[in-house]
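J.: Next come the chains, spelled out residue by residue.
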Amino acid sequence: MTPASGPAEAPRWRHRHLLDTDVLSLDDIEIVLRTADEMADVLATPGRRLDTLRGVGVTILFHEASTRTRVSFEVAAKALGADVVSVAAASSSVSKGESIVDTTRTLEALGARVLVMRHPVSGAPYLAAETFGGAVVNAGDGWHAHPTQALLDLRTIRRRLGTTDLRGRKVVILGDALHSRVARSNLWTLTACGADVWVCGPAPLLRGFEAWATAGVGGTRRFTVTTDVAAALRGATVVMALRIQKERMGAGLLPSLREYAARYGLSRERLALAEPDAVVLHPGPMNEGVEIEPDVAAGPRSAVTDQVANGVAVRMAVLSLVAGAIAAPDAPGPAARA
Amino acid sequence: MTPASGPAEAPRWRHRHLLDTDVLSLDDIEIVLRTADEMADVLATPGRRLDTLRGVGVTILFHEASTRTRVSFEVAAKALGADVVSVAAASSSVSKGESIVDTTRTLEALGARVLVMRHPVSGAPYLAAETFGGAVVNAGDGWHAHPTQALLDLRTIRRRLGTTDLRGRKVVILGDALHSRVARSNLWTLTACGADVWVCGPAPLLRGFEAWATAGVGGTRRFTVTTDVAAALRGATVVMALRIQKERMGAGLLPSLREYAARYGLSRERLALAEPDAVVLHPGPMNEGVEIEPDVAAGPRSAVTDQVANGVAVRMAVLSLVAGAIAAPDAPGPAARA
Amino acid sequence: MTPASGPAEAPRWRHRHLLDTDVLSLDDIEIVLRTADEMADVLATPGRRLDTLRGVGVTILFHEASTRTRVSFEVAAKALGADVVSVAAASSSVSKGESIVDTTRTLEALGARVLVMRHPVSGAPYLAAETFGGAVVNAGDGWHAHPTQALLDLRTIRRRLGTTDLRGRKVVILGDALHSRVARSNLWTLTACGADVWVCGPAPLLRGFEAWATAGVGGTRRFTVTTDVAAALRGATVVMALRIQKERMGAGLLPSLREYAARYGLSRERLALAEPDAVVLHPGPMNEGVEIEPDVAAGPRSAVTDQVANGVAVRMAVLSLVAGAIAAPDAPGPAARA
Chain S
1 MTPASGPAEA PRWRHRHLLD TDVLSLDDIE IVLRTADEMA DVLATPGRRL
51 DTLRGVGVTI LFHEASTRTR VSFEVAAKAL GADVVSVAAA SSSVSKGESI
101 VDTTRTLEAL GARVLVMRHP VSGAPYLAAE TFGGAVVNAG DGWHAHPTQA
151 LLDLRTIRRR LGTTDLRGRK VVILGDALHS RVARSNLWTL TACGADVWVC
201 GPAPLLRGFE AWATAGVGGT RRFTVTTDVA AALRGATVVM ALRIQKERMG
251 AGLLPSLREY AARYGLSRER LALAEPDAVV LHPGPMNEGV EIEPDVAAGP
301 RSAVTDQVAN GVAVRMAVLS LVAGAIAAPD APGPAARA
Chain F
339 MTPASGPAEA PRWRHRHLLD TDVLSLDDIE IVLRTADEMA DVLATPGRRL
389 DTLRGVGVTI LFHEASTRTR VSFEVAAKAL GADVVSVAAA SSSVSKGESI
439 VDTTRTLEAL GARVLVMRHP VSGAPYLAAE TFGGAVVNAG DGWHAHPTQA
489 LLDLRTIRRR LGTTDLRGRK VVILGDALHS RVARSNLWTL TACGADVWVC
539 GPAPLLRGFE AWATAGVGGT RRFTVTTDVA AALRGATVVM ALRIQKERMG
589 AGLLPSLREY AARYGLSRER LALAEPDAVV LHPGPMNEGV EIEPDVAAGP
639 RSAVTDQVAN GVAVRMAVLS LVAGAIAAPD APGPAARA
Chain D
677 MTPASGPAEA PRWRHRHLLD TDVLSLDDIE IVLRTADEMA DVLATPGRRL
727 DTLRGVGVTI LFHEASTRTR VSFEVAAKAL GADVVSVAAA SSSVSKGESI
777 VDTTRTLEAL GARVLVMRHP VSGAPYLAAE TFGGAVVNAG DGWHAHPTQA
827 LLDLRTIRRR LGTTDLRGRK VVILGDALHS RVARSNLWTL TACGADVWVC
877 GPAPLLRGFE AWATAGVGGT RRFTVTTDVA AALRGATVVM ALRIQKERMG
927 AGLLPSLREY AARYGLSRER LALAEPDAVV LHPGPMNEGV EIEPDVAAGP
977 RSAVTDQVAN GVAVRMAVLS LVAGAIAAPD APGPAARA
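Protein chains in written order, with this note's numbering: chain S, 1 to 338; chain F, 339 to 676; chain D, 677 to 1014.
One should not assume that every hint holds.
With a straight-line cut-off of 30 Å between C-alpha atoms, the simulated DSSO-like cross-links for lysine-lysine are [as the list claims (entries may be wrong)]:
1) K416/F with K754/D
2) K78/S with K416/F
3) K754/D with K78/S
Just a sample of chain D residues kept apart from chain F, beta carbon distances all over 10 Å, derived [what the hints assert, rightly or not]:
4) D698
5) E806
6) R845
7) V893
If you're looking for bench data, these hints aren't it; they were derived computationally from the structure. Backbone N, C-alpha and C define an ideal beta-carbon position, used for all residues, glycine too.
Starting from the given sequences, assemble the full structure and let the hints guide the process.
T.: In structure tokens:
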């Protein structure tokens, strides 16, 4: 009968924004994934809806083209009963040169309480979060971070492996890590879960990762960096192939797509080095024949479609958690604004 | 009291997809039009809504610009209570080169059960239907097919004429048949109803139709092909003017738009050759002064606005029928997928 | 007990369309602002919604890029329970050259009862209103008019000043009046309220305003035109800085943006000439450092964010009023249409 040992001890979500996975403790990660389980149950029940965000304005502001992430957030927000507004940069005042701060203030004055933002400039959602009175969710900023992708990847891995314990399991992030916000956000979550993470690709696409690996993620959690694809794949439990962003390849970092495919593309032969039931992930959209061969992409180990489906449940979880943090009486508010 | 003569004998809708009108029997066509009548009643009742597609994800994927067809499907799906997502190619991963198969799988994983698809490549919706676990509705693919347009044209003709019996009535399809998915899909439905169909235009824009007319639609149903506009219009009950797609006219198939208008444009003088109460159709958007003169387009015989209004009711019918076919226990499912 | 003195005497809204503020009497303006007060109360109550436009089709047709105005109308229409369709010119048949009249007829046949329209050509919404059977709301046409902006500016001014009486108060419209629909619509409402309006800017950007000032707004209501920014700002109660439309500056009307900023930009020094509690407005998006300095834009006198928030309430008011005018039995209907 000690009240102190009651439910008050259950870890609570404390983040008003979700800008990257670096701020998430293991408890935080478990809260997201447990909430996502509940959301997946809702999605699996035909016609069932939640009222969690009834009357809450969710604005989805995308400054980069995207089908899957934009639609995923839109479906998630609507399934929670939110009032959803979508703004694409091409048709927005952004094309008139309005600043991020002005856009953020404007969207808030128009009723947004949660702002889901994708931007080509690393750090843009942090700038928005300094101004915005509600919650900001980073849906991908430049090369920097894509936190909901890392969380949906984690849910996909755990469900495919049938375990929540990734300690010591070998996870390979393969390809263009340099330009990848997916790689960076995954490094935080995967090392937090104790996975043995390897980052593998051609040397010019690994710039900066050696130094990070030596320093450790969060100053302590080591990972391995290598250009040796066979060494990386040997015994791997999970292989995450990264997209080669053709549009970012002007700088002469790669000799050719054909050579990339020959040396680092995820083929059936290469995948044979991994564990027999290794899980293959890709954040999509895939360049089949470049970073992944079509038979692997469509093969039985591929969890690409699972990732998309898990994305909706994970984003419902994140939206409802940050919205709860705004509504909570003791939530840290924004600085008083003029 | 013979159970065999009960309602079980009423023809049932059996199509999970609607990719073209070639697969529709007369019974199928009647089912669509009868259902459209019910939908039109709903639309005519202010504030009335249906729950037919409550909780069903309908994704509208347009790879070509369109106002009327895109909005028509969107209004139709929302009036049925569906969860509607719109994806325009310009702002989608398609611009990153994602394949039709990947896009289709992604949209399904995001919750789509009905996929409404417009694509500049003939046959693209067939490819999507091979992969997609729900229902695909073709909203226009290349020069090939536009089934809901043919069905709304049929509803418009029947209501304007005040009869469901088109046997022996002369229907003229006038203009650029070569590039027209509207012409092709209409040939299937109109000949199925027994209409006396004439296809008329400059010879280069009739390529392939002579051979089809000789073989017969479905191998049996003949129609007439001619370059003689007076012969075509004489005694016509219905005249359907086709859009001259200026953007497709690079190949030197026509001397000039002015000459086209002079020789084949639907003017009041030409229309005087048809029956006094002949119905004028156009799939829109119209190039007034080219394939149709402004006074005909806005005149009392023009059913162009009726076509648009009928489009919503017909699309509600099609969406509800294919959604019913997915839900039906004995619906033919997709091939098992890896 | 004289029936004639009953509520029938309260002024009633009589406008089916809102194309500009020139047709609004003082009574009309008060009806809009009083209705906006009620709408603001609804918006301030979490989760509260109205059913005023339940089952009413509202189509938002934008032929120019815009975030704030498009989203503002969309949020307003949804908060009233309307069925909202958004059409952007880039993805519409307009890119196929369809005429305004055809587009208008098509959208009506698709179910639109209220058409909110932005168009780069002055007068386009008037053309639409001649054809459309419902109500047309001008959301900005060329250089001509932006009536909801003028009404939200008025609400913002009155609430900031804490009074509904603007008689004799000095209001300065500063900058590129020539290209500004915002300036023109504000001149009607502000002079109707008795304000002492000054229009100030470089001479080439004031073309036509001298003659209008001499003739008087509505033939009677004078205002002042000057190139002398100090004279204009001295003792001002309200300063409305106009956007310099860089994209419209090809004609050599201005030496440079830098020179414009130096001579007419709203700086803290210049603003010190106005009353101590003067209100600063800007229709947005702002070019900070050009027509307004960042410290003024973000300073305590700036009402820019208020303007955005007031826009939603004012647009809810306008949408509900024009929709009421359509529904009213004695509303003047459109001319009978063929």
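J.: Going through the earlier hints one by one, which of them does the structure break, listed in rising order?
T.: none
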